[in-house]
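Peer 1: As a plain string of letters, each chain reads:
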Amino acid sequence: MEEIAADKRINIKGFVCPYTFVKAKLAIESLEVGQVLEILLDSEEASRNIPKSMEDHGQKMLKNEKINDTDWILVVRKERE
Amino acid sequence: MMDFTDDQLQRYSRHIILPEVGGKGQAKIAGAKVFIVGAGGLGCPVGYYLTAAGVGTIALVDNDSVEMSNLQRQIAHSVNTIGMPKVESAKRTFEALNPDVRVIAMQRRLSKDDILDLIRDYDVVVDGSDNFPTRYLVNDACVMAGKPLVSGAILRFEGQVTTIVPHDGPCYRCLFEEPPPAGLVPSCQEAGVLGVLPGVIGALQATEVLKLILGKGEVLKGELLIYNALKTEFRKVKVPRNPSCPLCGEHRTITELVDYNEGYCSMP
Ligand SMILES: [Zn+2]
Numbered sequence: 266m267e268e269i270a271a272d273k274r275i276n277i278k279g280f281v282c283p284y285t286f287v288k289a290k291l292a293i294e295s296l297e298v299g300q301v302l303e304i305l306l307d308s309e310e311a312s313r314n315i316p317k318s319m320e321d322h323g324q325k326m327l328k329n330e331k332i333n334d335t336d337w338i339l340v341v342r343k344e345r346e
Numbered sequence: 120m121m122d123f124t125d126d127q128l129q130r131y132s133r134h135i136i137l138p139e140v141g142g143k144g145q146a147k148i149a150g151a152k153v154f155i156v157g158a159g160g161l162g163c164p165v166g167y168y169l170t171a172a173g174v175g176t177i178a179l180v181d182n183d184s185v186e187m188s189n190l191q192r193q194i195a196h197s198v199n200t201i202g203m204p205k206v207e208s209a210k211r212t213f214e215a216l217n218p219d220v221r222v223i224a225m226q227r228r229l230s231k232d233d234i235l236d237l238i239r240d241y242d243v244v245v246d247g248s249d250n251f252p253t254r255y256l257v258n259d260a261c262v263m264a265g266k267p268l269v270s271g272a273i274l275r276f277e278g279q280v281t282t283i284v285p286h287d288g289p290c291y292r293c294l295f296e297e298p299p300p301a302g303l304v305p306s307c308q309e310a311g312v313l314g315v316l317p318g319v320i321g322a323l324q325a326t327e328v329l330k331l332i333l334g335k336g337e338v339l340k341g342e343l344l345i346y347n348a349l350k351t352e353f354r355k356v357k358v359p360r361n362p363s364c365p366l367c368g369e370h371r372t373i374t375e376l377v378d379y380n381e382g383y384c385s386m387p
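Residue numbers (my numbering), protein chains in the order written: chain F, 266 to 346; chain B, 120 to 387.
Don't read these hints as lab results, they were simulated from the structure. Take these hints with a grain of salt, some might be off.
[As the list claims (entries may be wrong)] A few chain B residues that don't get close to chain F, going by computed Cβ distances all over 10 Å: (1) Phe123; (2) Ile136; (3) Pro138; (4) Leu333.
[Unchecked claim] Straight-line Cα separation of at most 20 Å, SDA-like style, residue types lysine to any residue; simulated pairs: (5) F:Lys273 to F:Leu305; (6) B:Lys147 to F:Glu346; (7) B:Lys143 to B:Gln129; (8) F:Lys317 to F:Lys328; (9) B:Lys340 to B:Thr372; (10) F:Lys273 to B:Phe123; (11) B:Lys266 to B:Lys335; (12) B:Lys147 to F:Ala292; (13) B:Lys143 to F:Val298; (14) F:Lys273 to F:Ile332; (15) B:Lys143 to F:Ala292; (16) B:Lys335 to F:Glu294; (17) B:Lys335 to F:Ile332; (18) B:Lys335 to B:Thr124; (19) B:Lys330 to B:Gly173; (20) F:Lys278 to B:Thr124; (21) B:Lys143 to F:Ile332; (22) B:Lys152 to B:Asp219; (23) F:Lys317 to B:Lys266; (24) F:Lys317 to B:Leu237.
[Said to hold, decoys possible] Here chain F is said to cover these stretches of chain B; the calculated rule only asks that three of the stretch's residues, wherever they fall, bring their Cβ under 8 Å from a Cβ of chain F: (25) 139-147; (26) 238-247.
Note that the structure is a prediction, hence the values are computed from the model and not measured. The beta-carbon is built from N, C-alpha and C at its ideal position, and this holds for glycine as well.
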């Protein structure tokens, strides 16, 4: 699988909705358009909700992968302010 | 970008996740300074919601003290603050809601000699006054200082809101050049007001303030929004700029502030 170099990484394990998305959104805001954010999380609900909300806000989901029993990695590219 | 504490992240989370607000918008709200004229029926809900929204600095100006008859509609006051200056009573309520907000309580009347100095450092002015002399003084000062003004008024079952963006939209004098003569206007003591009405109008004013701070959406510039509580009816009336307005028109005859004689209802 192609590896995508992230410009910023955040670890939001232990957070639940909506703070998972709040943290992810603040991280996206801090990036320039075209940059990539990698999110490590352990909420199954957030692994479904964050990609949907990111796309609603016009961002591009590049990856959504369960990496072990508890954790997911999401990769998002900032497409718009 | 603003660094939010965990408490702030939780408190403002429903703002931050709005695309139109976000962390950047919330930081703008935190940096904003709003000047509220009147801590009565309108000033209470405006200040309450702007405090909840996290506006960084809120100035409140009012000369009166809390009375039992205020409590039917002035939601920042309580039986525990009867007799206390309204600005102090409201400051306590707002600070209990959100310690992020700096509330500056000014117990005084506004006059033509000090209003321009007082509003100088603020981004937006809110008029929640209940009398024509203050309404005209605030309008004139905001037009002269170039400050956006969110104006509200209530009587009986009807309320009005408009946002004055000086030299871009009309001002209050574009509508009515001079205040009506004292005595022609019913005092609110005689006319009465439904207690929840200022809540509706004040919430609309607070919304206008937040949109001005965020630079999002459309404000009531050049429009008067009229709410009839008995009919549950909102109407928007277009108000054009008046080229012969004595304050913001082509030939300005009002170049200094005026204190009109009192004689109007002064009970907020
Ligand atoms: Zn005018």
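Peer 1: Give a verdict on every hint.
Peer 2: Going down the list of hints, with the structure as the test:
Remark: the non-interface label on Phe123 of chain B conflicts with the geometry, its nearest Cβ contact in chain F lying 7 Å away (cut-off 10 Å). With a cut of 10 Å on Cβ distances, Ile136 of chain B falls inside the contact zone with chain F, its closest approach being about 6 Å. Chain F draws Pro138 of chain B into its interface by the beta-carbon criterion, the shortest separation being 5 Å against a cut-off of 10 Å. Taking the minimum C-beta to C-beta distance to chain F, about 14 Å, the non-interface status of Leu333 of chain B holds against the 10 Å cut.
At roughly 11 Å between alpha-carbon atoms, Lys273 of chain F and Leu305 of chain F fall within 20 Å of each other, so this suggested pair holds. Between Lys147 of chain B and Glu346 of chain F, the direct Cα distance comes to roughly 16 Å. Compliance with the 20 Å bound is thereby established for this hinted pair. With a C-alpha separation of about 16 Å, the suggested pairing of Lys143 of chain B with Gln129 of chain B holds against the 20 Å cut-off. Our distance criterion of 20 Å between C-alpha atoms is met by Lys317 of chain F and Lys328 of chain F, whose separation comes to about 12 Å.
With a CA separation close to 23 Å, the supplied pair Lys340 of chain B and Thr372 of chain B exceeds the 20 Å bound. Of the pairs offered as hints, the one joining Lys273 of chain F and Phe123 of chain B holds, with about 18 Å between alpha carbons and a cut-off of 20 Å not exceeded. Distance hint between Lys266 of chain B and Lys335 of chain B is fulfilled; the C-alpha atoms sit about 17 Å from each other, no more than 20 Å. Restraint check: the Cα-Cα separation between Lys147 of chain B and Ala292 of chain F comes to about 17 Å, which is no more than 20 Å; the hinted pair holds.
Between the alpha carbons of Lys143 of chain B and Val298 of chain F the distance comes to roughly 15 Å, so the proposed pair stays at or under 20 Å and holds. Proximity of Lys273 of chain F to Ile332 of chain F is assessed by CA-CA distance (about 19 Å); at most 20 Å being required, the pair is judged to hold. Note on Lys143 of chain B and Ala292 of chain F: the hinted pairing holds, with a Cα-Cα distance of about 11 Å set against a maximum of 20 Å. A C-alpha spacing of about 17 Å is found between Lys335 of chain B and Glu294 of chain F, which places the hinted pair at or below 20 Å, so the restraint holds.
Between Lys335 of chain B and Ile332 of chain F the alpha-carbon distance is near 40 Å, which puts this suggested pair outside the 20 Å criterion. With a C-alpha separation of about 25 Å, the suggested pair Lys335 of chain B and Thr124 of chain B falls outside the 20 Å cut-off, and the hint is violated. For the hint pairing Lys330 of chain B with Gly173 of chain B, the CA-to-CA distance comes to about 14 Å; that is within 20 Å, so the pair holds. Distance check on the hinted pair: Lys278 of chain F and Thr124 of chain B sit about 18 Å apart at the alpha-carbon level, within 20 Å; holds.
A hinted pair counts as satisfied when its Cα atoms are at most 20 Å apart, and Lys143 of chain B with Ile332 of chain F does not qualify at roughly 32 Å. Between Lys152 of chain B and Asp219 of chain B, the direct Cα distance comes to roughly 13 Å. Compliance with the 20 Å bound is thereby established for this hinted pair. Simply put, Lys317 of chain F and Lys266 of chain B have alpha-carbon atoms about 41 Å apart, too far for the 20 Å limit, and the pair is violated. Taking the CA atoms of Lys317 of chain F and Leu237 of chain B, the gap is near 47 Å; set against the 20 Å cutoff, the hint is violated.
Against chain F, the region 139-147 of chain B contributes 3 residues with a C-beta closer than 8 Å to a partner C-beta. That satisfies the three-residue criterion, and the hint holds. With a threshold of 8 Å between beta carbons, the proposed coverage of the region 238-247 of chain B by chain F is violated, since 0 of its residues qualify and at least three are required.
Hint compliance for this structure: hints 1, 2, 3, 9, 17, 18, 21, 23, 24, 26 are broken, all remaining hints hold.
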